[in-house]
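Visitor: Sequence:
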Amino acid sequence: MGIVHVVGLGPGDVDGLPVGTYRLLQSGWPVILRTAVHPVVASLPELGVEYESLDDIYETSETFDEAYARMAKRVRERAKTHDHVIYAVPGHPLIAELSVQLLLTTTDSDVVIEIGPGQSFLDVAASRLRIDPIEGLLLLDGTQPASRLLNPRVHTLIAQVYQRQVATDVKLSLMDVYPDDYQVTVVRAAGVAGEERLETVPLYELDRLDWIDHLTTVYVPPVQDAQLTWRDPFAAVEIVETLRGPDGCPWDRKQTHESLRKYVIEEAYEVAAAIDERDPDHLAEELGDLLLQVLLHAQIASEVGDFDVRDVFARLSEKLVRRHPHVFGEGTAQSVDEVNAIWERVKEEEHAKQESRQSTLAAVSFAGPALMVAQAVQTAAAKVGFDWTKLEDVWGKIKEEMNELEIELVRDRRRDAAVAEELGDLLFACVNVARFLQLDAETLLAEATRKFIHRFQYVERRVAEGNESWAEISPETLDSYWNEAKITLPREN
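Going by this note's numbering, the residue at position 274 of the sequence shown is 274; the numbering climbs one at a time, nothing skipped.
No lab work stands behind these hints: they were computed from the structure. Virtual Cβ for every residue (Gly too), placed ideally from N, Cα, C. Treat the hints with care, since some could be wrong.
Unchecked claim - With a straight-line cut-off of 30 Å between C-alpha atoms, the simulated DSBU-like cross-links for lysine-lysine are:
(1) Lys486 <-> Lys451
(2) Lys399 <-> Lys383
(3) Lys383 <-> Lys347
(4) Lys319 <-> Lys262
(5) Lys383 <-> Lys397
(6) Lys399 <-> Lys262
(7) Lys397 <-> Lys451
(8) Lys451 <-> Lys399
(9) Lys319 <-> Lys390
(10) Lys347 <-> Lys319
(11) Lys390 <-> Lys347
(12) Lys347 <-> Lys262
(13) Lys399 <-> Lys319
To be verified - Here are the computed distance ranges between Cβ atoms for each label pair:
(14) Arg461 <-> Arg322: 20 to 28 Å
(15) Trp230 <-> Asp210: 31 to 39 Å
(16) Asn467 <-> Val373: 13 to 21 Å
(17) Asp132 <-> His84: 33 to 41 Å
(18) Pro202 <-> Asn467: 51 to 59 Å
(19) Leu391 <-> Leu423: 16 to 24 Å
(20) Glu238 <-> Ala382: 43 to 51 Å
(21) Glu421 <-> Thr242: 27 to 35 Å
(22) Asp110 <-> Asp132: 38 to 46 Å
(23) Phe313 <-> Arg461: 34 to 42 Å
The task is simple: from the sequences and hints, build the whole structure.
Guide: Below, the structure written as structure tokens:
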């Protein structure tokens, strides 16, 4: 059985080499270096240490993941032919060392892994930057930048920024959260006498430094201006919590789920209107207003222990994964129709786990605009065969409802309940036509309303241009202006 002694060479030169590592390196056992590109390596011959480098694996691998997997495999192979093998890596064995993690997670009864001493670059970097990690420290891998991992409230160190292209990727990720001119500090060869370098630059200049190499780390200090945290999603959560707090806003503190109900609906419609306007900035603003309603309800619920915003996120994520087995599971879907079929099947399985439902319409949500609910009800009824067989029959129904409405109107009972009933039946029949044509009735009405608004505004302008009075202008003139609008304005308006 072979033993692999994993040790760290520290972040700097040989003067910072841990004593335990020094003794192991001089033990006479075979030494394997993850890389010979390290300040300590130049001093190893003086210590009488012979070594094997794994740099050749970097040169023959297409990805870092592949390289580190091959390194772990080679180290294990060497351990099977020697009682003791030393595997030396830069820094500390357990910090930013994927090859070591792979050694630890690979099951092999013939090889034992022992983690030895090592000094992390974190210690030296914190000392040079004069920061205390206890205030909050985020350590990230520069080769895998992800803006969603950033937290602007804490110290951030980004390691393995070994070339300018990596620095470019890091810069772009940071710019998702921080201003372009935010001051960051680039640290090179921390702890190496004669080679150490620190320089503070605006974020946009990060990848313009020509001395970035394998010993480079980027430090991003925590923001001091609260406004700079606003791009972080949890900043809004904290603001809402403050608004609901003892020293917050009287209006916000007074709200309940019930009092906010109308605002949820109103903001949803505002989002829909912004979508119709095709104005990205306005849409972003309205989506924020809608999100505010979510955060308010989550905060109110958290105050009584019902749920909090993380529960909302968790339930959403769980549902998205459950309803997309073709993405997160073993299922497959190559078309929208196949996706829809999967979605309906999963929803049916969810309903089957709930209480038995006696009505076909039990699964229909009646929360929503009347046109939308009508279309959903008709769709549910159609699934069990309660539907028209062809479009001509639906059109005939519209004519029937129109005749019945006309009969009631002729009776001059315009305010009578019968008129309202027949008018409702006519609207319901129109929704049926839209559904039969696979069109969304709610969208159709919104588009028709928007078209009317644009044309009416055109008529208003024509009236104003002629200095005419609405009270005196003739119906014929208004009709001519309306016809002009139909010809002049783009069809989508």
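Visitor: Each hint: holds or not?
Guide: Okay, the hints, checked on the actual structure:
| no. | hint | result |
| --- | --- | --- |
| 1 | Lys486 <-> Lys451 | 9 Å, holds |
| 2 | Lys399 <-> Lys383 | 25 Å, holds |
| 3 | Lys383 <-> Lys347 | 14 Å, holds |
| 4 | Lys319 <-> Lys262 | 26 Å, holds |
| 5 | Lys383 <-> Lys397 | 20 Å, holds |
| 6 | Lys399 <-> Lys262 | 36 Å, violated |
| 7 | Lys397 <-> Lys451 | 27 Å, holds |
| 8 | Lys451 <-> Lys399 | 25 Å, holds |
| 9 | Lys319 <-> Lys390 | 36 Å, violated |
| 10 | Lys347 <-> Lys319 | 10 Å, holds |
| 11 | Lys390 <-> Lys347 | 28 Å, holds |
| 12 | Lys347 <-> Lys262 | 28 Å, holds |
| 13 | Lys399 <-> Lys319 | 43 Å, violated |
| 14 | Arg461 <-> Arg322: 20 to 28 Å | 53 Å, violated |
| 15 | Trp230 <-> Asp210: 31 to 39 Å | 34 Å, holds |
| 16 | Asn467 <-> Val373: 13 to 21 Å | 47 Å, violated |
| 17 | Asp132 <-> His84: 33 to 41 Å | 39 Å, holds |
| 18 | Pro202 <-> Asn467: 51 to 59 Å | 57 Å, holds |
| 19 | Leu391 <-> Leu423: 16 to 24 Å | 22 Å, holds |
| 20 | Glu238 <-> Ala382: 43 to 51 Å | 47 Å, holds |
| 21 | Glu421 <-> Thr242: 27 to 35 Å | 51 Å, violated |
| 22 | Asp110 <-> Asp132: 38 to 46 Å | 44 Å, holds |
| 23 | Phe313 <-> Arg461: 34 to 42 Å | 48 Å, violated |
In the structure shown, a violation is registered for the earlier hints numbered 6, 9, 13, 14, 16, 21, 23, in ascending order.
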